[in-house]
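Visitor: All chains, please: the whole structure from these sequences, using the hints.
Note that full-length UniProt numbering has the sequence shown beginning at 1, numbered continuously upward.
Note that these hints are calculated values from the structure, not bench results. Treat the hints with caution; some may be incorrect.
To be verified - Taking lysine-lysine and the DSSO-like style, the derived pairs with C-alpha atoms no more than 27 Å apart in a straight line are:
#, residue 1, residue 2
1, K374, K321
2, K271, K298
3, K298, K321
4, K321, K338
5, K200, K374
6, K321, K409
7, K356, K409
8, K402, K321
9, K162, K200
10, K374, K291
11, K301, K374
12, K374, K402
13, K291, K338
14, K338, K301
15, K402, K200
16, K409, K374
17, K200, K185
18, K402, K356
19, K402, K298
20, K338, K353
21, K321, K271
22, K291, K301
23, K200, K291
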Amino acid sequence: MTQAEEASPNQNKTKTNNTEHKRYLAETGRILLSSNEEELSVCLESDVSKKVIDSFVNGEEATLVLQKRVITEEIKSMEVDNGITKCVYELFSEIPESSIDTRKEWLVYVKMEEAPLNEGSIPSQVMISQLNSQSPLRSILPYIRHSFAPTVSRVAQMEMEKQQYQQQQQQQQQQQQLQQQQQVKQQSTMATKTNQVLEKLRELEIKLVESQDESLLLNGVSLDPIRGIQEYVAICSDEQRNRIENDLNSTWDWIHSSSSSNNMETQSKSKPQMQRKMELLRQLSEETSIKEIQTCLKQWKEQIQSVLRRSNPSTLSTVRKQLRFWEGKRTAIAELEKQLQSPGVQASLHVLKLNKSIFWITTFQTLGVEDALKEVDVHYNVLVAFPLQSVLNAINVQDLTKACSEIFKYLDSPKIRTTTQLKKLRN
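Guide: Right under this line is the structure:
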């Protein structure tokens, strides 16, 4: 048996079913046109009607669709071909809104295709329930509701899923936009942080380089007087420390005043503070204390001269190193001047003066601190204005070129030429 012969029974069966459907539709159309409720009930209860409804519910060969249509005389005079009425059924894909709550004539059509009606073409079950129950279709309405209910429920579910999907898409888009904004913000923050880190690294680099030159800074000199001088200064008030020489003269006068009975009584009634000062000054005037003060001044002189004689070594090949050296020497000399005017140093010198030890005072006062400070200022004032920082901060060739131009302009400035001439005159 060939494939055509095998397919022939199935084709004949399908053709027979279609013919039954078409006859059923023709009969249903005729009944609807006559508005005979009794005939309509009989028609719906027939086997063919049940098959059509089952086929509609199962979505197999036919999909039942309602369509409002005005029946004209031309349509009523239908042609008959082999006992099958034509023009009674047509192809429709939805229930139009105009078919609701109307008194127009009704027809039932079947779309003769294997695929069921598209779910998206069914508006809603509510529209079906609004069909005019007074029309001849009220008997078929339960079948319509029963048949459409699963489809409409599915449509509602699909619509809900569609809305949920759209909401999810919107949420995802919003999240993506938010993430993009956060990424842009993070990138901006990272760029800012990167710049900050680079600035910190540059500062750290400069500090590390500068820390290598700490040896260029001169160690400070500490001019500490002997213990007796320290005790005397500690007893004095702030005002007396500022005028330490006058206070020593006053105490000295008390010690060397007349030894009359009245003076002795006055000394015995003096304050404990004055008595302690007199006792300390007597001890400081002894030969042992004088020699100790002289030895202290000798050590101070050696320390001060080591700072004043310190010259810049030949290894200082860069401007920055030169600047660091002169800055350190200038700070050390300024600290020396401050200590030389301290109450402890002034008291030590005045004790020697009271005891006629002038040689050591003269030797100590001819150290040349002021001249050394002037020399340092000449070098420091020139170097401190040197446009070196612009070279260190240069980040590209243009900045470096500009910085070099500023250096050459500075080297040719009147300030540099005047300083050079002064240096030659001194030499």
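Visitor: Each hint: holds or not?
Guide: We went through each hint and held it up to the structure:
1. As the CA atoms of K374 and K321 are separated by approximately 20 Å, the hinted pair is consistent with the 27 Å bound.
2. Between K271 and K298 the alpha-carbon distance is near 35 Å, which puts this suggested pair outside the 27 Å criterion.
3. With a CA separation close to 32 Å, the supplied pair K298 and K321 exceeds the 27 Å bound.
4. A threshold of 27 Å between alpha carbons decides the hint, and for K321 with K338 the separation of about 26 Å falls inside it, so the pair holds.
5. Of the supplied pair hints, the one linking K200 and K374 is violated, its CA atoms being roughly 37 Å apart against a limit of 27 Å.
6. Under the criterion of a C-alpha separation no larger than 27 Å, the hint pairing K321 with K409 is consistent with the structure, at around 21 Å.
7. Taking the CA atoms of K356 and K409, the gap is about 58 Å. The hint is violated against a cut of 27 Å.
8. In summary, the hint linking K402 to K321 is supported, as the alpha carbons are separated by about 22 Å, within the 27 Å threshold.
9. Distance restraint check for K162 and K200: the Cα-Cα separation of roughly 55 Å exceeds the 27 Å cut-off, and the hinted pair is therefore not satisfied.
10. About 34 Å separates the Cα atoms of K374 and K291, which puts this hinted pair outside 27 Å; it is violated.
11. Restraint check: the Cα-Cα separation between K301 and K374 comes to about 19 Å, which is no more than 27 Å; the hinted pair holds.
12. Among the hinted pairs, K374 with K402 is inconsistent with the structure: their alpha-carbon atoms are about 33 Å apart, more than 27 Å.
13. For the hint pairing K291 with K338, the CA-to-CA distance comes to about 25 Å; that is within 27 Å, so the pair holds.
14. Our distance criterion of 27 Å between C-alpha atoms is met by K338 and K301, whose separation comes to about 15 Å.
15. Only pairs whose Cα atoms come within 27 Å are accepted, and K402 paired with K200 is accepted, the gap being roughly 24 Å.
16. Using a Cα cut-off of 27 Å, the hinted pair K409 and K374 holds, with the two alpha carbons roughly 26 Å apart.
17. Proximity of K200 to K185 is assessed by CA-CA distance (about 22 Å); at most 27 Å being required, the pair is judged to hold.
18. Distance hint between K402 and K356 is unfulfilled; the C-alpha atoms sit about 64 Å from each other, more than 27 Å.
19. Straight-line distance between C-alpha atoms of K402 and K298 comes to about 53 Å, which puts the hinted pair past the 27 Å bound.
20. A C-alpha spacing of about 21 Å is found between K338 and K353, which places the hinted pair at or below 27 Å, so the restraint holds.
21. Taking the CA atoms of K321 and K271, the gap is near 57 Å; set against the 27 Å cutoff, the hint is violated.
22. With a C-alpha separation of about 15 Å, the suggested pair K291 and K301 falls inside the 27 Å cut-off, and the hint holds.
23. A C-alpha spacing of about 56 Å is found between K200 and K291, which places the hinted pair above 27 Å, so the restraint is violated.
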